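With the hints as a guide, dock the two chains, each given alone in a separate frame, to form the complex.
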Amino acid sequence: MVRKHLIAISLSSLFSATAIAQSLQGQVVDESGQPISGASVQLHGVYGTQVANEQGQFSYSQVREGKVELHVSAPGFAHKSVRLNIPSQGLADVRVVLLDTSIEVVDVTASPFHASAIESALPVTVLSGDKLRNKQASTLGDTLAGEVGVHSNFHGSVASTPIIRGLDGPRVLITQNGLDAGDASRVGPDHAVSAEASTATQIEVLRGPATLFYGSGAIGGVVNVVDNRVPTDNQTRGEWTLEHTSVNDQKLAAFNLNSGLDRFALHLDGYWRESDDYKVPGPAEQGIDDGADKVKNSAAQSHGFTLGGSYLLDNGYVGISYGRLDREYGVPGHSHGDEDVAVTADMQQDRVQLLSELRFEQGFISAIRTKLSYTDYEHAEIESGLVGTTFANESKEARVEFLHNEVLGWHGGLSLHYKRSDFAATGAEAFTPPSVTDSLALALMEERHFGPLLAQLGARIERVTLKADNVLFPEAVVHAHGDEGHEDLSHGDQVIRRFTAEHEFEPYSLSAGLVWDFSEGYNLGLSLSHSQRAPAASELLSFGPHIGTGSYEVGALFKLYQDEHGDAYLGLTDQAVDLESANNLDLTLRKFSGDLGFILNGFYNRVDNYYYQQNTGLFAESGHDHSHDHDHDHDHGDEELPVYLFAQDDVVLHGFESQLFWQFLSEWKLTLQGDYVRARLQDGGDLPRTPPLRLGANLAYEGQSLSGDLGVTRYFNQDRTAALESDTDGYTLVDLNLTYHLGVSGHELAIYLKGHNLTDEEARPHTSFLKHLAPLPGRSVALGIRGYF
Amino acid sequence: MILQTRLKHLSLFVAAAMLAACGDATTEIVEKEPVVVPGDGDDHDHGSVSDAGRLLVTSKGSNQVSLYQLEDNSLLATLGLTNEPASVYASPTKRYALLVERNDDLVELVDGGVWQEDHGDHLHPYEQAPALMDFSLYGSRPTHVTLGEEQIAVFFDGDGQNGVSASVAMFSEAHIGTDNEGYPIHQFDTHMHGAAQARGENLFATLRDANTTSTLPDRIARFHAHGDHFHQEQTFEPLCPALHGSAQNHDAVAFACADGVVVISEDNDQFTASKIPNSTDFTEGMRIGTLRAYLEGEQFFGIAGTSVFVINAETGEMEALDWQPHDGAKLLSFEVSLDGETLVILDSEGYLSLLNAHQHGDELHWELAHKLDISEADVADMPEGSRFEMTLSNDYVYIADPIEKHVLMVDLHDATVSGELALGFIPNKLTWLGIVGESADGHAH
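As they're listed, the protein sequences go chains B and A. Just so we're aligned, residue 1 is where the first sequence starts under UniProt numbering, counting upward by one. Just so we're aligned, residue 1 is where the second sequence starts under UniProt numbering, counting upward by one.
With the rest of the complex left out, here is chain A (with noise of 0.2 Å):
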């Protein structure tokens, strides 16, 4: 037998052998960096809440949703909801992720286990397990999630079939956590496929003539909250037929319709809208479905199939953005990266297209800077009812592959594809979880 020991700074290798044809054992033992795990923080030391936060992915067919440890690809937790999710969003802080069950009327939360608190002087990350939150929402067809700066409104389309009426409810991260009552619902008086936007104590929301037969809405109107209720202030002029849509940012919030985008902004507590009709670029048939905006920024992102208009609210122009799709390609996901510097667009031909911001004067020009294929499989290959799904954290996107039934990892920053996360299931939807920014201990990449 021989037994080595050798001790590097960090590395000890122990290996033993026996010497024998038959009835042979070796061991090697390798030492790699270790974890750890913040203490409950009586001597006032952050420890180390990783900056990498948590992912949850949702399973094809199945109500359990995964939670996994970025900072070493462990799972952590997997949860049983009550149903299977339809989709999921990420609270705005990152903390929670909304569930949302829509055939089954019903919204769960997972409070993802990592956060912080302002606590004055500095903001204190926390970190603990995940899990499965005592406050969940009710209510008929809940669809679309959007976000506020603090809040969150979900709308429930309601049921034509069984004469169910449409609702919207608001509320913030600390109903969430522990106020759980108290948060502004509103009935509409019939049913529709709708949107809301919080802002403040404001919500901007559909209004549908139940007279007619589409199921989308046409025009919007502004809500105040008034403790569990709102007010309806104001309905807008312009008409926004087959209204599909929303989204905010910096200065204004907006709504598609078949023939443009009706964007609402604020002067002095008096609110007007106009509408931006679409540019010629637009062919017959073709129209502004899906809004997406930075919080912060000033511009707003229509996408019309697969292609994508960069609305300026202020001069009221759309213009075509040019992320160079291949043949075939449909546009499946587009988001703005947390900083607001990247545009990242998802197509169903398994390509990753990464736009990034150029300064011509006030105005923020794109341009594509990467293209990465993203999938070794033949997307033909694809799972009935499957497609790519993206999230995005600070630093990274995540790729969920249903056909490799793994998540991959692309940096943001240098486009290139940084690991992979093996599954074992067909994963649907997926958010990450975390801080975002820098956490208070951070240690950055």
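Pulled out of the complex, with its shape left as it was, chain B reads as follows (with noise of 0.2 Å):
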């Protein structure tokens, strides 16, 4: 009833639209007065860009009377919001002077507000266009690596996924065009991100809690992998790519096409990738020289395809769009002892995407988005031909954003959000029982200027289910060792216990942020945010063995006790499943005007009740033979696991993440950035595969026809550990890409080289499960071409 009674609203006030409308005309220029060809031009509530004209003109014919807001953006100037009375005989003089900037400036189009590194309280990055095309790695975490803020958990260059400020897992959101990306890859690191870079067209990082507009799991941050797989025009223009990369002979071809023939829209897009085993500057294995000089079982071979189809209106457009992802690789270091099982991971995914986007001028409602999603992933971990565990996640999301025209200087809106995410996990490793998760939110999101001060706040409730019927306790396997009584056990029956579990949890975040533009050219931001998250079902129910992580993980469900002997032994928990809850601060000071810029930011966030993996002492048996039915028996017996338990404790991480950018000369930029994270644990401690202090220069050229970019990138040593966990030393990375473009009859070409550790050092990163097996690849060097139409 709502809806229908929401759809009524938005038609009436599409037939009224022209009801009260002025005109409004006006010109964007630089500061030396200059006009500004090729601006974009939104007008709030009115969908689509206006293209500024050679002399920087822009025309609105009709725009109602009161109070509008334009936002003004063109690259290498900083994007102006520019705030306008329109009186009843309309506006023809408007200038809007836009800041030269030496920052690049993208919008993310993950939130209802303008946002970008310069605009928001909350710190973004966004990777688009060639500096994307440069990074694009085949992983999602290996692409991020080098962002302010961003490392990755490298897991043998054939997943990974982005770790923010410390944060991942489950913390981490990886989103496809504002949908969850529906996958495993939140469960295990060995598992691949389903979301593909080669053909996405921006990937948006939100650093810090964004709980907001994303729910429970966003509480460290979000990446957002944006494409074009829903069309928004029918302009007829694509591209296409052909690279080659020495380390791994990976071959890479993908193409991105859009058209369209008068109200209606297409997206086509594929990629296709294969690569062999990378090669290493020493042993795979730390400190075990066998002679070979690449990581074993890291070949890949991808695929996937997505079309879409949209219908255009006047206010906005209705679209549709199918995706197919397949991607089969080998999971390195997932050996047993010294028999060397290749492991292979097969992967595919089904995704349905509808959006939308309705604007409307008049009446309250001044948008209506909608998103939804159904999602079918399947991975397979094969092993000696045979399907060992099989992880399947069948997700469906839907969320509706309704935005209102300004309200006493207020802009915002409402966000409904619905998601179903049904998991399983069956075979010898499936460590996580099937469960059920649903999240029901709503939020409320509304800024303000006042003067100088921009004010953003929002709140969002959530009510999120998880049910599982069969979670598994099978109490003998977890022992301590040198427990002689219990030596027996394996010849008799085991007895493994069964419970149903249903939890209800009810998270809420709260926000308020502060952009104040203090002087021309400099802001400061202040963010401040209470976010709760509901533990994942990884987090409470699992009890098994995890190769990808070589520990036998153990939920939140269950406790250690200790019996009348002093011996240690786990049973359910007596405790309160609690919400993990955070606390953070953000401050950022900006100047992005003019030849020098810079980006400093602070961080403490305080996260209370934080789920993390505690070494209980205990080992259990992986249950993981390798007696495939030979006929000869050559059973290894078990090999035992270290039992990690998930426990509940206070930690807090705080750190700074700092960029400065000098346009030096009007074709060379250097640009320096650093970041640092420290995340402990409130009573003493500090939290596992923490990323190091890293520091990094890069030189870039952009000439006519010839671009190119010199980086280097130090990662310090990280010796502040987690118990068990072992120092990691540092390493200097050196990166070189040169590109060069032509143009051919309307056809641009561009011939590129990317360089990657051209000193050919050994990178071990400490943020990898696999640190002591797979390091970073060796020198490499792709080669390969790029056209657009």
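Everything labelled a hint here was simulated from the structure, so no lab data went into it. Since we're looking at a predicted model, the values are computed, not measured. Hints are not guaranteed to be accurate.
[Unchecked claim] In silico BS3-like pairs for lysine-lysine, Cα to Cα no more than 30 Å straight-line: (1) Lys405(A) - Lys371(B); (2) Lys296(B) - Lys754(B); (3) Lys559(B) - Lys32(A); (4) Lys371(A) - Lys60(A); (5) Lys60(A) - Lys396(B); (6) Lys591(B) - Lys131(B); (7) Lys330(A) - Lys275(A); (8) Lys32(A) - Lys467(B); (9) Lys371(B) - Lys467(B); (10) Lys467(B) - Lys405(A); (11) Lys251(B) - Lys754(B); (12) Lys405(A) - Lys396(B); (13) Lys80(B) - Lys67(B); (14) Lys591(B) - Lys67(B); (15) Lys754(B) - Lys131(B); (16) Lys135(B) - Lys371(B); (17) Lys396(B) - Lys467(B); (18) Lys135(B) - Lys591(B).
Take a look at the structure:
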């Protein structure tokens, strides 16, 4: 009923749009008064973007009377929001002055507000255009590994997810066009993210709690992979890439095509990538020189396509897309003792998305954005040709945002969000029982300008239910070493206790942000938030071997007890299963105009009831032998794995991110950046796999037909380690990109060379579960050609 | 926060609740009956090997087969075959599944992982993870697979277009497990859509005159196994035009012909064949194309389109079986229950007919006892190229429903739907694997 009502409102506002319309005309200029042609002008409440003509002029013939807001942007200039009061006779001579900037500014699509690296209270990073193409790797984490505040949990180059400010896994949400990626990558570091960079148009990173827009799973940040799968215009344009990379003999082919006719728009993209095991500078396994110069079983093959179509309206669009992704990859480091059993993962995903945006000038509602998706994901871990474990995730998501026209100076809207994930893991390493998670949320976000001050407020309430009807508790599998009394257990019957578990959580989030333009070309951003997260099924219900992490994982539903002899044992927990709550303070100082710009950011994030894996000192059999019915019985006996229990504790994460941009000549730019995070338990001790201090310098040249950049990044050593974690040495990576652009009859070609790790340095990321087994690839040169039309 | 603990003999209930409007977290845990996984037998406790067995289901358009543990309907394993199987059969003891990849000239085998061994004084049950076997059969167009008491016969039709002749292989479960080689194979001199029945050391197989145009054979011969090959011992006199369908029971082997059924029986090592002509109930063009039998029984069941005939080999009589199909219902599948006491018929309208045996003097008579609607879906929604399929365990009929993408379980004894197994894919063929009869430690239902 509510929906019907809203549709009725929207229709009436559609038809009354011209009732009290006035005209608005203006010009976009730079600081010296020169017109900026090609500037994008957006009028709040009006769908689409106007491009300023050669004189920098723009004009709207129908604008409602009263207060309106313009958002103006152009490459090389800082974005600007202009608030105007349209009188009854209209407005004709609006002059918008844009400030030069050395900072690349791209708007985040993921937010209902205009947000970019220089405009938001919360720090954001956007990778797009050539920068994205230069950085794109076969996995998402590796693509983003160079961004400030973001590291990769590098997993032998076959899988990786971004670590944002020391947080990853279920705390960093990976989305695709704003909708959950719907894969199993949050559950294990060896599970690839099902979003593809080579066909994406931009990748957005929101650093810090973004639960307001995305829900509980975004307490540490969000990575949003944006593509044009649901096209918003019918312009014919395309892009294609062919590339070969030396270090792993990787071949990549990708294309993007948009076209359309009249009111119909079409999109098609696809990619194909195949690579062999990658070369490393020294032995793959630390301290064991077996003569091999490659990381075994790190080959991968993947391909995918997306097909989408939209119906374009004057005030928006409605579109639907279907995407398919197939990926087969080796899982390096998945060996047992002296035996080398190649484990491969075979993943596939089908995804349907329906996206729509409708804008209305009149009436209370200014825009309705609808996003629906259905994702069917499955990935199988195959050992010796047999499917060992299958992970399946069927997810459905719906989000509708209602934005309103200005009320008492406030812009904003309401977001209604539903998500359901039906997750199942079956087989030998199914450490998490099948579960269904439902979440329903309502969020309100508002912003208002008070002179030079922009205030942003938000609140969200959510209900998350998690149901699992077959939680297994094989008590006897877990034991202490030297525990003689239990030795005979493996011969008798094993009793596995079973439970049904139902959890209901009601996390809420509150946030307040300020952006203060205290002087022209400068601003100060402050963000305060309180956000809560419901634990994921794997953090609560796990009980089983997880070969990807080399541990036996036990969820927070269980607890470590001591018997009368002082021996430790596991039992059901007698404590409440709590929400994780984060209180985050973020302070950002920016200078964005002129040849020298900087963004300095400091953050302090205190997370109470933080779920983390604690070593129990107990051991369990992996239940993983290799006697697959061969004639000769080669049962190597079960491998013993250390038991890690999800415990809750209060932790503090704080650190800084800094970027300095210096355009010292019109074609030359120097960028310096650094980031650091300290992640510690409140009561002492450090969290594992925390990224080390990192400093980098990048010198870029942007000529008429030649462009390039040389980057040097120093990763310092990490000696703040968790219990049973080892220190990691620092390393320096040198990268070089060169691109030669040439135009061939309306078709733009770019021939490029990408060099990574040119000094062939042995680099073992502290953030990787496989740091002992799989260092970063050695010296690598990629040669490619890209075309645009 | 309230914390409650209440203990019942097997049910532990834990509830924790925080009483706040927001930031609320509640947890409810209910303990269920535990699962007992048998140890490796050093203490000679057989543990509990589930009587329920396992279900192998193939997926339409896929080379993946899924195996479910029927005790709790959990997915045990998904195995990848080389190709998509066209049909599935279970081995005589129901330990192995034979997956016939007809178009790809391959038969692969899967060990269901549940079996029992005769340890002299007792039957020892085993349970292990399902696995794809190293043993497989190659040959042109494998089609009909038939089972004797211990032997399996796989008939390869050959390929007339490419001049590949038909062949037949006979082997036992011992060959599948350990003794992979040395089973007999016979190469025919022409291709045919043939059939064979393995019976001890004898194999009854069809012959086709290479000069005829039909791919259906018209003669039956007896072969005797000698190591890795056969000797053709005898060709039976009665012609069997357009032969299609065969079966064997306690007394005889039967082949279906366009004009009747040829029955071969043994008397003091002498095999004689006779033909039972189609009865007067047969209309023009009607014929028996499929034969079924209970291995320990005395009857054959001939399926002619939607009609079923009960064939008494001894008296040479054919009698129509009244299974009362609904209008338009096509007979999809006909099976005799593993105890031989029930006939199970699945039809295209989504009905399962159960016919029970009644002893009349020396003869068994069958009467329709139950007719169950096993699909709530509109059968018109059946995906192209799919149909309902069924398989039988000791106590249940499992029906794969491609519309609903699930397997329905019907209790054979009380004729009720007793559960369903959601698949998440469109099922194609399925077979039950497990221990026939009650397993050694059996806890009967």
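Each hint, compared with the structure:
1. For the given pair, Lys405(A) sits about 28 Å from Lys371(B) by alpha-carbon distance, which is consistent with the 30 Å threshold.
2. Restraint check for Lys296(B) and Lys754(B): satisfied, since their Cα atoms lie roughly 24 Å apart, inside the 30 Å limit.
3. Restraint check for Lys559(B) and Lys32(A): satisfied, since their Cα atoms lie roughly 19 Å apart, inside the 30 Å limit.
4. Among the hinted pairs, Lys371(A) with Lys60(A) is consistent with the structure: their alpha-carbon atoms are about 28 Å apart, no more than 30 Å.
5. For the suggested pair Lys60(A) and Lys396(B), the alpha carbons sit about 24 Å apart, so the restraint of at most 30 Å is met.
6. For the proposed pair Lys591(B) and Lys131(B), the alpha carbon gap of about 22 Å is at most 30 Å, so the pair holds.
7. For the proposed pair Lys330(A) and Lys275(A), the alpha carbon gap of about 27 Å is at most 30 Å, so the pair holds.
8. For the proposed pair Lys32(A) and Lys467(B), the alpha carbon gap of about 15 Å is at most 30 Å, so the pair holds.
9. In summary, the hint linking Lys371(B) to Lys467(B) is supported, as the alpha carbons are separated by about 25 Å, within the 30 Å threshold.
10. Simply put, Lys467(B) and Lys405(A) have alpha-carbon atoms about 22 Å apart, close enough for the 30 Å limit, and the pair holds.
11. With a C-alpha separation of about 14 Å, the suggested pairing of Lys251(B) with Lys754(B) holds against the 30 Å cut-off.
12. For the given pair, Lys405(A) sits about 19 Å from Lys396(B) by alpha-carbon distance, which is consistent with the 30 Å threshold.
13. Only pairs whose Cα atoms come within 30 Å are accepted, and Lys80(B) paired with Lys67(B) is accepted, the gap being roughly 16 Å.
14. A distance of roughly 29 Å separates the Cα atoms of Lys591(B) and Lys67(B); the hinted pair therefore holds under the 30 Å criterion.
15. For the hint linking Lys754(B) to Lys131(B), the alpha-carbon distance of about 12 Å falls within 30 Å, and the restraint holds.
16. Proximity of Lys135(B) to Lys371(B) is assessed by CA-CA distance (about 28 Å); at most 30 Å being required, the pair is judged to hold.
17. Distance check on the hinted pair: Lys396(B) and Lys467(B) sit about 16 Å apart at the alpha-carbon level, within 30 Å; holds.
18. Our distance criterion of 30 Å between C-alpha atoms is met by Lys135(B) and Lys591(B), whose separation comes to about 26 Å.
Hint check: no violations occur; every hint is consistent with the structure.
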